[in-house]
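Asker: Which chain is which? The protein sequence lines are A, B, C and D, in order. Residues in the first sequence are numbered from 19 upward in steps of one, following this note's numbering. Residues in the second sequence are numbered from 9 upward in steps of one, following this note's numbering. Residues in the third sequence are numbered from 9 upward in steps of one, following this note's numbering. Residues in the fourth sequence are numbered from -19 upward in steps of one, following this note's numbering.
Because the hints were derived from the structure by calculation, they are not lab data. One or more hints might be untrue.
As the list claims (entries may be wrong) - Within a straight-line C-alpha distance of at most 25 Å, the following computed PhoX-like cross-link-like pairs (lysine-lysine) qualify:
no. : chain 1 : residue 1 : chain 2 : residue 2
1   : A       : Lys130    : D       : Lys185
2   : C       : Lys75     : B       : Lys30
3   : D       : Lys725    : D       : Lys415
4   : D       : Lys415    : D       : Lys405
5   : D       : Lys622    : D       : Lys725
6   : D       : Lys50     : A       : Lys37
7   : D       : Lys691    : D       : Lys622
8   : A       : Lys130    : D       : Lys692
9   : D       : Lys50     : D       : Lys501
10  : A       : Lys37     : D       : Lys559
11  : D       : Lys725    : A       : Lys130
12  : C       : Lys75     : B       : Lys75
13  : C       : Lys51     : C       : Lys75
14  : A       : Lys37     : D       : Lys401
15  : D       : Lys559    : D       : Lys184
16  : A       : Lys37     : A       : Lys130
17  : D       : Lys415    : D       : Lys401
18  : B       : Lys75     : C       : Lys51
What the hints assert, rightly or not - In silico contact screen, one side only, chain D against chain C (beta carbon under 10 Å); selected entries:
no. : residue
19  : Ala(-3)
20  : Gly(-2)
21  : Gln235
22  : Ser390
Just so it is clear, the structure is predicted and the values come from calculations on it, not from any experiment. Think of the CB as a built atom: it goes at the ideal place given N, C-alpha and C, for glycine as much as any other residue.
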Amino acid sequence: MRAAVVTFPGSNCDYDLYKAIQQVGGEASFVWHRERGLESYDAVLLPGGFSYGDYLRAGAIARMSPIMEDVVEFANNGGAVLGICNGFQILCEAGLLPGALVRNASLSFQSKDVRLRVERTDTLFTTGYTLGQTLRVPIAHGEGNYEADQRTLEQLETEGRVVFRYVDQAGETTEDANPNGSWHNIAGITNATGNVLGMMPHPERSMEQLLGSVDGVALFTSLGSNLAMLTN
Amino acid sequence: MSQFQLEIRVKPRPGLLDPQGKAIHNALHSLGWDSIEDVRVGKVIYLELEADSREIAVDRVHAMCRKLLSNPVTEDFEVSVSEEVEAEPL
Amino acid sequence: MSQFQLEIRVKPRPGLLDPQGKAIHNALHSLGWDSIEDVRVGKVIYLELEADSREIAVDRVHAMCRKLLSNPVTEDFEVSVSEEVEAEPL
Amino acid sequence: MSKADGAITEVPVSARAGDPPITPELVADHGLSEDEYERIQRIMGREPTFTELGVFSAMWSEHCGYKNSKRLLKLLPISAPWVIQGPGENAGVIDVGDGYALAFKIESHNHPSAVEPYQGAATGVGGILRDIFTMGARPVAVLDSLRFGDLTSGRVRYLFDGVVRGIGDYGNCVGIPNIGGEVAFDRGYEGNPIVNAMCLGLMKKEELITASASGVGNTLMAVGARTGRDGIHGATFASEELSEDSDESSRPQVQVGDPFTEKLLLEASLELIASGAITGIQDMGAAGITSSASEMAGRAGNGVEMEMSSVPVREKGMTPYEILLSESQERMLVVAEKGRENEVREILEKWELEAAEIGCVTDDGRFRILEDGLAVANIPALPLTDGCPTYEREGLESSEIQNLRNTDLSEHLIPEGDLTKTFLKLLGSPNVASKRWIYHQYDTTVRTATAVRPGGDSGVIRIRGTTRAIAATTDCNGRLVYLEPRTGAKIAMAEAARNLVCVGAVPTAVTNNLNFGNPLKSHIYYQLREAVLGMAEACDTFETPVTGGNVSLYNETDGRAIYPTPVIGMVGVIEDVEKITPQAFQRTGDIIVLLGTNTNEIGGSEYLYITASLVAGTPPAVNLDAERSLQQTVLEMNYELKIRSAHDCSEGGLACALAEAVLGDGDNPFGASITLDDQIRPVPLLFGEGQGRIIVSCDPLSLEAVLRIAKKHDVPAIQIGYVTEASEGFQITTREGMVSASLSKLSSTYFDTLSSLMTVTTASS
Ligand SMILES: Nc1ncnc2c1ncn2[C@@H]1O[C@H](COP(=O)(O)OP(=O)(O)O)[C@@H](O)[C@H]1O
Ligand SMILES: [Mg+2]
């Protein structure tokens, strides 16, 4: 897999994502937000961080970068696009995913391990998981509260586009398990065609037991092997 | 050409959650101000702009709001001109 | 008793750096709006309040601003009444 | 003009129109004594201009000139074979093996945080990050050491909340994980919070760069954010006591941090250093351009000339005085090699930042400032940076503290009521309870290197591409330093080292932050000197040299000083990341062993504060040699893979340390069954803060080896119990009663205290 890690001024999880791709045998390259052209990549990854300081709204200014036109085109052509944390926020601002990520209900930044339940195992990113599997992955964000209008929310549920939800140790979507107030404990969603995934938690930080968890590995291996199948 | 001072108020859409408004509401209550209702918190952006007319200035700022300054999914905006100063002739 | 709708604008004090304003300014520039100057970003808070008179309502909100809604060290505030509705007699 | 400076064709200095005349009042307002002003006149050979007075005032402030601490700091051991850079640079640097060097330093932002907690703390983090990356190192971790008054006060909650948000928002945005710190709440810090931030940076050894203005003719460039009117005279301000009206008068001095610009500046600076286009780089920190330029000139033995109208400013009409003394954040001074200025500009442009040529390095040893070509300041650089008079004062212990120390505590040795109740009260005190409410607001895992997050004895960052890791901790119990400064400082050192060995790290070097009151008062000077002496002795014994630090004096409100608080930031090296030892128990059936000896001491304990609102008595005795043996014992057990957990005893004593070891991060708690056989009353036994104790747990099969290793080092070791299932609860039995609680009770007591205290509204006044 040749993956582009798109970096914006203020991205700070770019290197972590780059390393995650390498760890699963992929080939990662940084693409600076002012560059153009993503034709040569199999996947486009938008990393976490604070693009433009998250000033105005998280992702709002980054979404205006030249490279974003290419990201939109890449996604519209069915290319695999993954946005993590700030990357998710940018994807929403760019209209590639519906809804918006607003201030955490607690009004505080939340940094800790959460548990996620896998709700879809038929996307490019999640074939390596089993349905209902619980993952332990860190979050670190101040604006991860997923919001949309009622119609969009219902559509997401009826079309089964929620990929990850925050759950408790028992795997239940309780209020206590919800770190930011997201509607229906949403932690990650996909677009209608399933090729764009946005998620607030950081699977790229769950790649080694030494650092606390290896539950993110399957996401990157899924992506790698699915892309390999597609190109063959 | 005149110089305009504009004020843009961006506020959460009615019906959507406003955690900040809720927190302020609670805080005011616990400080004893209890006859308060319906607290909403938004952003206000001030900027100065040169334009041929007030209408053009406002139009331009509306365009900025639609493109960048507000998120149509969660926010509404209002623009007002707070001052107009004739630019000095060159 | 009347019901008042108030609008409170809290903005960074002049002279202090406003990183958010700066970033928005730069973003607007790079989108081609280049005749813009002096972008500052603040908060706007809307709330409703019951009080005997407009003056009392404003006074009360001033007190809230000093105590909670604004940071006296870094921010200035302005209060305006946007609507007054006679409360229904009981 | 004095001949000695070698000045031949000296540019005449013009007094600027509009500058106030120099009067004794103006001199005093600048924080300079009459003697100091005379000295300035001798150095200058004439009366200084207003601009020059401002420059001297900043450079000779306590903050930059270390007037009252320099002589004491000389007493600290600073060398060891692994020290690459000792005190005097932006940060200390040590060799951590495999070709890597670690830059690290701690810095205070107490005064700004007292006035504006959010921005004060945020800009504190910004400053310490810059100190690290200007050495050529990439910041990889931050820690924060905080002190506040009691949380019952709304103002204190406001300060605490603002400080934590400020630290979090800044570090999170730049993307540097927080790996630990400490916080204490005590009326001794009411009105005068302490906010110290420590940063660690890694580099390859050959990437080290120092901050000196070398190469005559090279170009000085101002890089990063523009200069505004914020924080003018911050350095002088930080060297004064706060008074009732500080709030009002110091408002214009508030600096606002911009972490986004910092992140860009960080990347740009590391790229600049790697490019080789620059020979020196320094943060414009306290005293702004003035100190960065004069210090860089001083280090190289050169001079500098700068044109003020070339400095990019944020506001119109700024005077040279204001530009020179502004402490606007996120700015750097860079020395570009002549002819390579464009490379510098290009790198900065890529990162969407500005770079402006503002002057050059000269050979005449002068600090010369021009405004539109006219000299407005012309000062010999060396006396400016090194000529600040230093003082040695008389130190005398106050009798009040002698009396406190001699307080009869015997009545407090007897527990009031139920032991379990007392225990839970202590475990739920803000000083002992989990600090989760804080570090859940800090990104702790960004950069994917955090092997031990906040919540353990030390934070640990692995070095990618090697098997190594760095551990770091900050420690100081101000109450103990207050009661007996020398002992208290040794205890801070001992605790820091224990925290390091508990994760398996060899204590290697120290940075420190001396937070004290007004040194002109003899009892404060006494505290300062004693604390430095205690620290020095411990540094010698532990072989942990001091490579840098920070001094923050005048921490007083309305004449009342804070507890003397010499915060120790200690770093250690772990050779094999696989051997990192956790704090929490790991397996049911494991044996719990206490290393060290329980004592009858309760002086200065959290127990006294909680139950009797007392800060009194003699601090626990500390034996540095015994501490050293204890450290070596734990390290050997770790190295031999004999222990499964290790946790030291500090605030709250043995009982609270055991509770922390069963709870872990709350996710997967254990139970424990403990029997303490000592002939000691239960209060000091359970809650006393006797030094030199570490709790380890091991597989029953390793017990013999554990006891053997302890014996070899002459460290007392005794089996005190074993790890059980959580459902079996937590019990400690003593000869005179027991503590017993369910894990859910322990857990809610320990984890929920801070957050429930902080959900109460925090108004700013
Ligand atoms: N201000 C803070 N920032 C980050 N972590 C903190 C802070 N205060 C405390 N912690 C963390 O909470 C844990 C307990 O702190 P403390 O009781 O001071 O530990 P110790 O007694 O071992 O020094 C440590 O892991 C520490 O790093
Ligand atoms: Mg400890």
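Asker: Each hint: holds or not?
Answerer: Consistency of the hints with the structure:
no., hint, in the structure
1, A:Lys130 - D:Lys185, "violated, 33 Å"
2, C:Lys75 - B:Lys30, "holds, 17 Å"
3, D:Lys725 - D:Lys415, "holds, 17 Å"
4, D:Lys415 - D:Lys405, "holds, 16 Å"
5, D:Lys622 - D:Lys725, "violated, 31 Å"
6, D:Lys50 - A:Lys37, "violated, 46 Å"
7, D:Lys691 - D:Lys622, "holds, 14 Å"
8, A:Lys130 - D:Lys692, "violated, 41 Å"
9, D:Lys50 - D:Lys501, "holds, 17 Å"
10, A:Lys37 - D:Lys559, "holds, 23 Å"
11, D:Lys725 - A:Lys130, "holds, 22 Å"
12, C:Lys75 - B:Lys75, "violated, 36 Å"
13, C:Lys51 - C:Lys75, "holds, 16 Å"
14, A:Lys37 - D:Lys401, "violated, 50 Å"
15, D:Lys559 - D:Lys184, "holds, 24 Å"
16, A:Lys37 - A:Lys130, "holds, 21 Å"
17, D:Lys415 - D:Lys401, "holds, 21 Å"
18, B:Lys75 - C:Lys51, "holds, 20 Å"
19, Ala(-3), "violated, 23 Å"
20, Gly(-2), "violated, 19 Å"
21, Gln235, "holds, 8 Å"
22, Ser390, "violated, 47 Å"
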